[in-house]
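All chains should be built: construct the whole structure from the sequences, respecting the hints.
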Amino acid sequence: MEAGRRSVSGWTVANVVVVLYAMVPVLWIASLSFKDPSTFTDGSFIPRKWTLGNYAGIFTNADFVRGLVNSIGIGLISTFVAIVFGTMAAYAVARLTFPGKRLLIGVSLLIAMFPQISLVSPLFQIERALGLFNTWAGLILPYITFALPLTIYTLSAFFREIPWELEKAAKMDGATPFQAFWQVIVPLAAPGMVTTAILAFIFCWNDFLFAISLTSSNAARTAPATISFFTGSTQFEDPTGSISAAAVVITIPIVIFVLFFQRRIVAGLTSGAVKG
Amino acid sequence: MAEIVLDHVTKRYADGTVAVDDFDVRIADHEFVILVGPSGCGKSTTLNMIAGLEDITEGELRVDGRRMNERAPRDRDMAMVFQSYALYPHMTVRENIAFPLKLAKMGRAEMEERVERAAGLLDLAPYLDRKPAALSGGQRQRVAMGRAIVRDPKAFLMDEPLSNLDAKLRVQMRTSISRLQKNLGTTTVYVTHDQTEAMTLGDRIVIMRAGLIQQIGPPQELYDHPRNLFVAGFIGSPSMNVLPARLEEGRLRTPIGDIPLRGRLRRAVEGPDVPRDVIAGIRPESFEDAALVHDADGGGTFTGTVDLLESMGPEKLAYFTLDTGAVRSEHLTEAGGEEEAGEGCQLVAQLDPKSGARRGQPVRLWYDTQAVHLFHPETGENLTER
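Going line by line, the protein sequences match chains A and B. Residue numbers for the first sequence follow the working numbering, so the first one is 2 and each next one is one higher. Residue numbers for the second sequence follow the working numbering, so the first one is 129 and each next one is one higher.
Some hints here could point you the wrong way.
So, partial list: chain B residues that the calculated Cβ filter (under 8 Å) puts toward chain A [as the list claims (entries may be wrong)]:
| # | residue |
| --- | --- |
| 1 | Leu181 |
| 2 | Arg202 |
| 3 | Ala207 |
| 4 | Phe210 |
| 5 | Phe227 |
| 6 | Leu231 |
| 7 | Met239 |
| 8 | Gly427 |
| 9 | Phe430 |
Across the chosen pairs, the derived CB separations fall in these ranges [what the hints assert, rightly or not]:
| # | chain 1 | residue 1 | chain 2 | residue 2 | range |
| --- | --- | --- | --- | --- | --- |
| 10 | B | Asp251 | A | Pro188 | 23 to 29 Å |
| 11 | B | Arg514 | A | Pro188 | 55 to 61 Å |
| 12 | B | Asp143 | A | Phe125 | 47 to 53 Å |
The hints are simulated quantities; they were obtained by calculation from the structure and are not laboratory data. Glycine residues also receive a C-beta, built at the ideal position from the N, C-alpha and C atoms.
Below is the structure:
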């Protein structure tokens, strides 16, 4: 009993430490974003002089607003395309045997492992030659490339969970292969697809390396890259307030995304399909 | 409603293994045919080939005279019931049953009516708006049946539809499947590994082993006239007793006494290439307590000590151990005969409940010598039936 209580309190302490460790920087940047510029360096965790001026400032900054639009647009398009192709590829990987299957799996794993920094210079050259540099497509393409292995891997795991007999049953019931896939498999794999979509979107949304290297103006520059171009109101002033406000702003969509879809990720949707 | 012809159908996989070898059966319209055999005998593969879920390597599948080999499953108009039921978990019972009709683009009103009718037939009406997860095993099984009967297909294909149910429900569903099939008159091919299901359900049984058809015929014919040792061991419960036997001086020497070679036994041993050592088979019900037999003509007797006695109600099963080695044959192990490794030869006798046999006590048994089958020890062929 004594030992049990001690282990419970031990766990509580450990959890609190971990949560604090993770949350303090986030809370700190949130606190900074509400501080008046004159009190940035006062060392107080809770702002002494509250202001929304930093937020007002970044939303009147046309570059940042444009960056947000770019981020949302590029992220959604990349995610959508990656999910569509990833679903089909993952289905093939999970269900079919075809020549080169192992190669496909190997190559997609390789791409996922590839150090992105080594691709920046070649991509820069290629995109400039093709006229893709500083366009949405110029970012969407590499994002899809890196999101696809992720989607193929997670989705094929989900597809493998779905009993094959359901497809056979659909075929016997008169479905074409596409109908069987669309009306039986996809609804069952939906939770997996949503999870995968969130992961892919977060990957695109968080990227900084490609966003900073493959853009040169606000035509395609995404929000994280835009922040690095913030300047203070004078040459001698740091844009601390704007950066922290912008950092909070770009965190919010991710939080909403996860909270909103979490409820949809219902486990055990396939229960009752077969015997069990 | 259709006649299904499997014309010398063979299934060979890419690695060279032959799953089904020269399967040649004509299934008549309205007929209920059972494919039975131990696991891995190719019965499910055969069913999948009829369904179109597996390709046919050689031979031809014809339904009402039309070649089906290259047609997709959905163009064959057959309904299948799977062992796992394969219900769509995201759809309600109603949607599950209506799914084939929806795919066939049937009008709403007719669809509703047909679903209601199928549900009524299977007592599913109260569950139409539930999801499969909220149903019991037996109800799920009935939904799977409903999905099959709703569109009035040319044939039903059933792949061990009852093997996931508990024993009592299985017997119930067995009779309702039988009744349903007789009422609808739809040609049915039913796969099972359970010989009781095969015996009770089918108009005809196709018994398979290692991809090869062993025998085709009505249940009683397979029971009375098994073509070989495998069929004899597979059909019947408890299974046929097999004893080592030797042909000597015009008699058959067996551990349960000498049997004179008369009638069909004589004809059997007079055939060509009959070895001196054979295998004798005798069904448990060919025995009776000698005290209860008045007209003991044409029979032999044997006295043994009862090892174990099971009272089944309408009969008693008495188990004996004979003091000879058990018959070892590959034909029997695959038939699923009980394995008593290293023990003596086992004998089961089915006796009248009035029998006074007691455990541990000797009892004198009478048996019908004309009911004995003789099998070739190597080929397993039934010498009394050739």
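Numbers of the earlier hints that this structure fails to satisfy, in rising order: Hints 7, 8, 9 are the ones this structure does not satisfy, whereas the remaining hints hold.
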